[in-house]
Each structure stands twice: as C-alpha cells, then as structure tokens.
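A.B. asks: These are the residues of each chain, in order.
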Amino acid sequence: MVEVRRGPVEKGEVITEENVYDRPDETIGFFPSQIVADLAVSAALLAIVVALSYLVPAPLTEPVDISTTTYVPRPEWFFMFYDQMLMFFPGYALIPFGGIVIPTLVFILFFAVPWLDTEPGHSPVKRPFMTIVAFLIILTVVFNLLLGIIRILNFPGGSP
Amino acid sequence: MISRIKGWTLGVVQPIADWTEERTGVVTMLEHFLYEPVPKRGKWLYTLGSATLFLINLQFLTGILLLFYYVPTTDNAWDSIYYIMTDVYFGPLIRGIHFWSANILMIVIGMHMLRTFFSGAYKAPREINWVIGVVLIMLVTILAFTGYALRWDQEGFWAWEVGIKIGSYTPFVGAYVATFLLGGDTAGPATLARVFVIHVWLLPAALAPLIGIHLYLLRKHGEFGSEFEYSKRLAELRERQQIEEYALYEEGDEDSRG
Ligand code: HEM
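Protein chains in written order, with our numbering: chain A, 1 to 160; chain B, 161 to 418.
FYI, nobody ran anything at the bench for these hints, they're computed from the structure. Among the clues, some could well be false.
[Claimed, not checked] Away from chain A, derived, C-beta distances all over 12 Å, residues of chain B:
1) K166
2) T184
3) I224
4) F340
5) L367
6) A368
7) A407
8) G412
[Stated by the list, open to error] Sample of chain A residues with no beta-carbon within 10 Å of chain B, all distances over it, derived:
9) M87
10) F88
11) P96
12) I132
13) L147
14) N154
[To be verified] In silico DSS-like cross-links for lysine-lysine, where the CA-CA straight-line distance does not exceed 30 Å:
15) K203(B) x K392(B)
16) K380(B) x K200(B)
17) K283(B) x K392(B)
18) K126(A) x K392(B)
19) K380(B) x K283(B)
20) K11(A) x K392(B)
21) K126(A) x K200(B)
22) K126(A) x K380(B)
23) K392(B) x K380(B)
24) K380(B) x K203(B)
25) K11(A) x K200(B)
26) K126(A) x K11(A)
27) K283(B) x K11(A)
28) K283(B) x K200(B)
29) K283(B) x K203(B)
30) K200(B) x K325(B)
31) K11(A) x K203(B)
32) K380(B) x K11(A)
33) K126(A) x K325(B)
34) K126(A) x K166(B)
From the three backbone atoms N, C-alpha and C, an ideal C-beta is built for every residue, glycine too.
So that you can see chain B by itself, here it is in the shape it has in the complex (with noise of 0.2 Å):
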C-alpha cells in the first residue's frame, strides 16, 4: 500500500519537478539552499536569528493588513484603529500580533545581538555582518518608536513630543532635527504625515534589502556559531603547534651545543 502511494506520488510530482527544473532551475536552486550543513551544538541558540526573521515578516505581513484601514490623517488616524478593534473583523487579532511580536521582536533581536556578541561570530570574515545588524537594530527600534505616535492617541503623541524635544537637543542640527520631524514649526497633520511615511514606507524599504545582504553574506561565509564548536580542531592545531615548537628548540638546542 505504502509502496503504491509513493510510486503514485512520485509519478506525479517528478514530472512537474522536472518540468519547472528545466524552465527556472528551481529545484536545484532548493538543494543547494537546503543542504548547507550547519553547526550541530547550539542549535536552539542559532534559531534567535530566524525567530528575528519571522517577527519582522509577521510586522510586515500584518502593517500590510493594518493598511487597509488605516487613515493617516489627524481627523481620523485614531478613530481608524478605533474601529479596527471593535468593527473589523479579526481586527483585534491583527492589530494584536502587530503589538505584541513587535515587543516580542525588540527582545529577540536583543537575544540575537548578544548571541552573535558572547559566541565572537563578528570577528573576520563576519565583520560587515555584525556592522548591518548594527543597523538593522536601529532601524527596529525606530519603527517601535515611530509606531507608538501612529496611534495618534495620547500616549504615543506625547512620547513623539518627548522623543522630538530630546532630538531638538542635538547639537548643532537641533533645531533641523525637531522641523523635519514635525514637518513644520508645531505639531499638526503634517506630523502625522511624516511619522507614516517613515514607518510605513521609509523604514521597511531601507530594512528589507538589509536583511537580504544580512542573510546573503550568512550564507556566503557559512554559520560560525561558537568556538566551542571546533575544540576537536583547535586542540588538534594545538597539538600540531606545540610539537613544532618543541621541534625547533631541540634544533636549537643542539646548534648551541654545536
């Protein structure tokens, strides 16, 4: 019977592998992304990284759905989100998994920093690695912040007016700072107009091609993890190391005895 179905299924789904092997070279594209072997021992710890990376494709997914209803404007931004939560349906759910992995998310990409951090995964080759996701943290945070005063309601109104008051006391472009995110001399429509293109178009435009070099040059150098991965290794280079050196001072040994 077993035998049967998967003679049966073979049948069918090698044609269609075959079929779309020819025209896109798919399947071999799979193979290779899938049968990369990676380090066996932290396991748990390596999935801080893609746990990061399905929060982000969740704030994505679900800012998209958000959008359907969101009116970004000061008259009815609030009574939008208003309505989502009470009218829509799965309104709550929506906008529920938006807040919540996004809190989630700051706590996980935090766990990732210092996982990369403690195991030394930054050091050479992976430099440049570690300086996007140096980025990629920032650019998170300030869509958690910029998120908050979409709400245009008291809270994340007033938590802009601080965050712009302290970016007002930057120096020198103080004042530059504090105009372009008011956009103008006080807060009004076009405030709510700026923090909407900086989260919604702004951020997640400059974020998405940092997470695909993030990934890229993972792929490319390969997942170091930790040294405690290679102490088979280590101790063997160790042991090479010592009897050379051992070697060259018996040489020299015997030259001084000449």
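If we strip away everything but chain A, and leave its shape as in the complex, we get (with noise of 0.2 Å):
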C-alpha cells in the first residue's frame, strides 16, 4: 500500500534518521496541481512536435542501393558525440575499447551509481564526488558532441 504522507512537521512529532524523509514540508495534490503541470508540459511538447512535422518535414534520403561504396552515413545528433569519441581510438586495437569496452564500462557505472554513491545527504552540495564525476561525463558529452558537429561542417561531403 502507498503510505499517506500528509504536511510538514506535526506538533509533537520526533523526527528521527528514519522518518525525516517521510513527507516533504510542503505538498500539493497530484491532482489536480500536479496534474495540471504535466498536462502543460505535455500539451506544450505536442504543440511543438505538430509545428515542428509540417515545418521540417521527416527526412527521407535516396533508396538503399547496395552497391554504393563512398556514401558516408551520419548519426543523428544524440550519437554525434559517440561517434566522434571513435576518432580517439583508431585503428583495430582500439575500436573495442572505444566502441564496446568503453561504454560497457560506463553503463555499468549507471547501473552501479547507487551503490557507489556512499556520501550522506541527497543534495548535491554535500556529495561532491558524484556531482564532479558527473559534470566531468557532461563535459565529455558536451564537448565530443561539439567537436562532432565542427567537424561534421568542416567536411560536408565525408571526413577523413
């Protein structure tokens, strides 16, 4: 069953470690407050996504033809900087580390992050290891995501 948590500090209560996390110190209803926030956004993002189909229409490139060798594919933008993380690891003694090992890797870090976090308190401020550790893994997507589209523009018709 959900527990009903209800209101700040009661009168008489003891807070203790357990239940200081038990109710916020203030609520709203889901509904229809929260609700209503939800919707907002939602409708907001539909909006966006209607203008946005009849003004940049879907693309569609030309048929699949086999036995083209010189085409060069571009990932969408969410694996740019994927994509441009390769070009640090060339060659075939590389590519593993940088295509699977790497992200392997990383992804069992996400799944670990609960884990590994051991620092009291929840906001960020008071750990600052995961706060820097993430902001350093923003930093590299950001930048490889930078680096990608650079180069992406220097060399419109295929990179070297």
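Two chains, two frames, some hints: make the complex.
C.D. replies: Here it is, written out as structure tokens:
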C-alpha cells in the first residue's frame, strides 16, 4: 500500500533519521496541481512536434543502394558525441575499447550509481564526489558533441 | 441556474459513478491514484518524468499508425514511407510526430535522468527505480537507432552498417553480434526483417512492462523530489540531535568531575 504522506512537521512529532524523509515540508495534491503542470508541459510538447512535422518534414534520403561504396552516413545528433569519441580510438586494436568496452563500463557505472554513492545526504552539494564525476561526464559528452558537429560542418562530403 | 445545472449533473453522474463503483471499484481506485500528496517546490522539474511518459506514448500511438502503411521488406520499405509522405492523409503529420517526438524524447529522458541524479532521488529505498531507469534509457536509445535503419534509405542503412561494424568489434563475441544484427553474412532482406522485429516487437514489449514497474515503484515510495523539500524537517532533526549531543557532553563532564 502507498503510505499517505501529509503536511510538514506535525506537532509533537519526534523526527528521527528514519522518518525525516517521510513527508516534504509542503505538498500539493497530485490531482489537480501536479497533473495540471504535467498536462501543460505535455500539451506544449505536442504543439511543438506537430508544428515541427509541418515546418521541417521528417527526412528521407535516396533508397538503399547496397552497391554504393562511397556513402558517408551521418549519425543522428544524439550519437554524434559517441561517433566523435571513436576518433580517439583509431585502428583495430583500439576500436573495441572506444566502441564497446568503455561504453559498457559507463553503463555498469550508471547501474552502480546508488551503491557507489556512499556520501550521506541527497543534495548535490553534500556529495561533491558524485557531483564532480557527473559534471565531467556531461562535459565529455557536450565537448565531443560540439567537436563532432564542427567536424561534420567542415567536411560536409565525408571526413578524413 | 448554476445550482440547477450542478444538481442535474450530479443526478446523472452520481448514479453512473455508483453503478460503476459497485461493479469494478474503479472510482475508489481513481481517488486513490489521484489524491496523492506530492512535493510542492519542484513541481515543474517533476514534469520531466511525465513528459517522457507522454512522448513514449506518442511514439507507441504514431508507431502503430505508421504500421498501417509501412511494409518491412527491402523492395517496399522505402516506397511505403515515400507513400506515407506524399499520399496518405495526415501521413507527414504522423511520421513527423514519430520523428520529432523521438528526437525530443532523447533530450527529455536525458534531462529526467540528470534531474533524478542531481536531486539524489536514486538513494535508498529508490535504487531499483534508478536501475530500471538506466535499462529504459538503453532501450530507448536502441529504439532510436533501429528506427533510423527502418527507413531503408541510404542514410539510415549505412549508419546501421557502421553500427554493425562497431558491434563486430565486441571482444570475443563480435562475429556473433554482427551475424545476429545482419541476419546472415551480408546485408539483405533478413537484415531489414531483424531491424523491424527489434524495433516494433522486441523493444516496445520490453519497454512497456518496465515503465509499468517504474511507475509502480514511484507510487510505492512516493515522489522524493529533492532534499531541499525537507529542509524544515532536516533542521528540526539536526536541532534535536545537537541538543542530545550537548546533553551527553554535559553528563560526561559531570562524571569526570566525580
Ligand atoms: C521510458 C522512460 C521513463 C519514463 C516514462 C519515466 C517516468 C517517470 C515518472 C513519470 C516519474 C515521476 C515524476 C518525476 O519524478 O519526474 C519518474 C521518476 C523517477 N525516474 Fe523515471 N522515467 C523514465 C526513465 C528514467 C531514467 C532513464 C532514469 C534514470 C536513470 C529514471 C529514474 C527515475 C527515478 C530515480 C525516479 C524517482 C524520482 C523521485 O522519486 O524523486 N527514469 N520516472
């Protein structure tokens, strides 16, 4: 059963390590307050995707020609950082690392986050180690994404 | 006037609600689901999860609609998409939504992950929900990648080739991975069939129940939000602990003086 969590500090309640996170200081009802916010965001997103599908139609290039040897495919933007990172692992010896081993390790790291994080407290300020690691990962992704975009802009016909 | 309308609606709605409640219990269930208190402060940040849910559902819906026309064979796949874009009523809209919502989904799901990370929402007892989240983002990423190849146009196909090439470098099992993704030794009809099954059957079938568990666990533990929403209670706890520590210290002092 879902526990009912109401109101902030109740009169006479003894707050212990165990129950301190039982209920937030201030709550709103899921219905209607939160649902209204959720619906507003969803409606805005729907409007955006509908507008985009008319303004910028979904792309479709030439039909597949398996005999082509020169086609240089572009990854979708959310794979560009990955594509760019592979550039740092040239040759048969290194590609397995950049392409498979490191991403696998990163995902294992993601899975393990709740157990790696032993710093007490939830606020990012109180667990600087996790926060710094996260920022490094974000920086790596953003930086490589930018590098990838720049490379593709510089070599529209395919990169060296 | 208004009170009459109110009385009239109640007179119609109430019996229907009662009738349904007696037979299904759905009214109590709705009340139970809807009247859950949630943290107030981060309201807008918590819409990221529901936005992800909304976009995923949009993908399911438009994906099913695309299947009315899409033909997963190497001879017809491209033509069927071309047909959707040129002749089908609302075809460009349906395919456009599927395409754009997929792209925005990648942003929103990433922001949702960052939000739960930075608010420490993965800490006990919500670890499993984080782990399921990581599986979800993996599935969504593979969905995006396989969808690209389903177009069976040059761009999508050669990108898929690159993916297979990278997969073939997997230590020890690379050759098997490549064969699995190609459905043989070279790209051909079997390749498209594979991509189709993975994108349309395998991944959605895995995704749906996991989303269900994600939401079930969310309700079980309640929305945590972030520590900042517990500042009063945390302050109270700290204050009490300090008073107790001080009392202990005083006691110790008296003991040593004898
Ligand atoms: C298909 C993808 C997903 C859907 C539909 C989904 C949906 C939701 C919803 C509706 C909520 C509650 C509202 C909110 O806190 O934003 C939530 C909470 C949560 N999600 Fe997700 N989510 C998805 C992916 C993920 C991912 C990728 C992660 C992280 C790796 C994640 C981790 C969490 C956690 C830890 C919570 C609890 C937050 C709290 O209690 O404060 N989810 N999810």
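A.B. asks: Taking the hints in turn, state whether each one holds.
C.D. replies: Hint-by-hint comparison with the structure:
no.: 1; hint: K166; in the structure: holds, 18 Å
no.: 2; hint: T184; in the structure: holds, 19 Å
no.: 3; hint: I224; in the structure: holds, 16 Å
no.: 4; hint: F340; in the structure: holds, 14 Å
no.: 5; hint: L367; in the structure: holds, 17 Å
no.: 6; hint: A368; in the structure: holds, 19 Å
no.: 7; hint: A407; in the structure: holds, 15 Å
no.: 8; hint: G412; in the structure: holds, 22 Å
no.: 9; hint: M87; in the structure: holds, 13 Å
no.: 10; hint: F88; in the structure: holds, 14 Å
no.: 11; hint: P96; in the structure: violated, 4 Å
no.: 12; hint: I132; in the structure: holds, 12 Å
no.: 13; hint: L147; in the structure: holds, 18 Å
no.: 14; hint: N154; in the structure: holds, 19 Å
no.: 15; hint: K203(B) x K392(B); in the structure: holds, 18 Å
no.: 16; hint: K380(B) x K200(B); in the structure: holds, 19 Å
no.: 17; hint: K283(B) x K392(B); in the structure: holds, 20 Å
no.: 18; hint: K126(A) x K392(B); in the structure: holds, 17 Å
no.: 19; hint: K380(B) x K283(B); in the structure: holds, 15 Å
no.: 20; hint: K11(A) x K392(B); in the structure: holds, 13 Å
no.: 21; hint: K126(A) x K200(B); in the structure: holds, 22 Å
no.: 22; hint: K126(A) x K380(B); in the structure: holds, 26 Å
no.: 23; hint: K392(B) x K380(B); in the structure: holds, 24 Å
no.: 24; hint: K380(B) x K203(B); in the structure: holds, 19 Å
no.: 25; hint: K11(A) x K200(B); in the structure: holds, 21 Å
no.: 26; hint: K126(A) x K11(A); in the structure: holds, 29 Å
no.: 27; hint: K283(B) x K11(A); in the structure: holds, 28 Å
no.: 28; hint: K283(B) x K200(B); in the structure: holds, 20 Å
no.: 29; hint: K283(B) x K203(B); in the structure: holds, 20 Å
no.: 30; hint: K200(B) x K325(B); in the structure: violated, 49 Å
no.: 31; hint: K11(A) x K203(B); in the structure: holds, 26 Å
no.: 32; hint: K380(B) x K11(A); in the structure: holds, 26 Å
no.: 33; hint: K126(A) x K325(B); in the structure: violated, 43 Å
no.: 34; hint: K126(A) x K166(B); in the structure: violated, 53 Å
In terms of the numbered hints stated before, the structure departs from hints 11, 30, 33 and 34, listed from lowest to highest.
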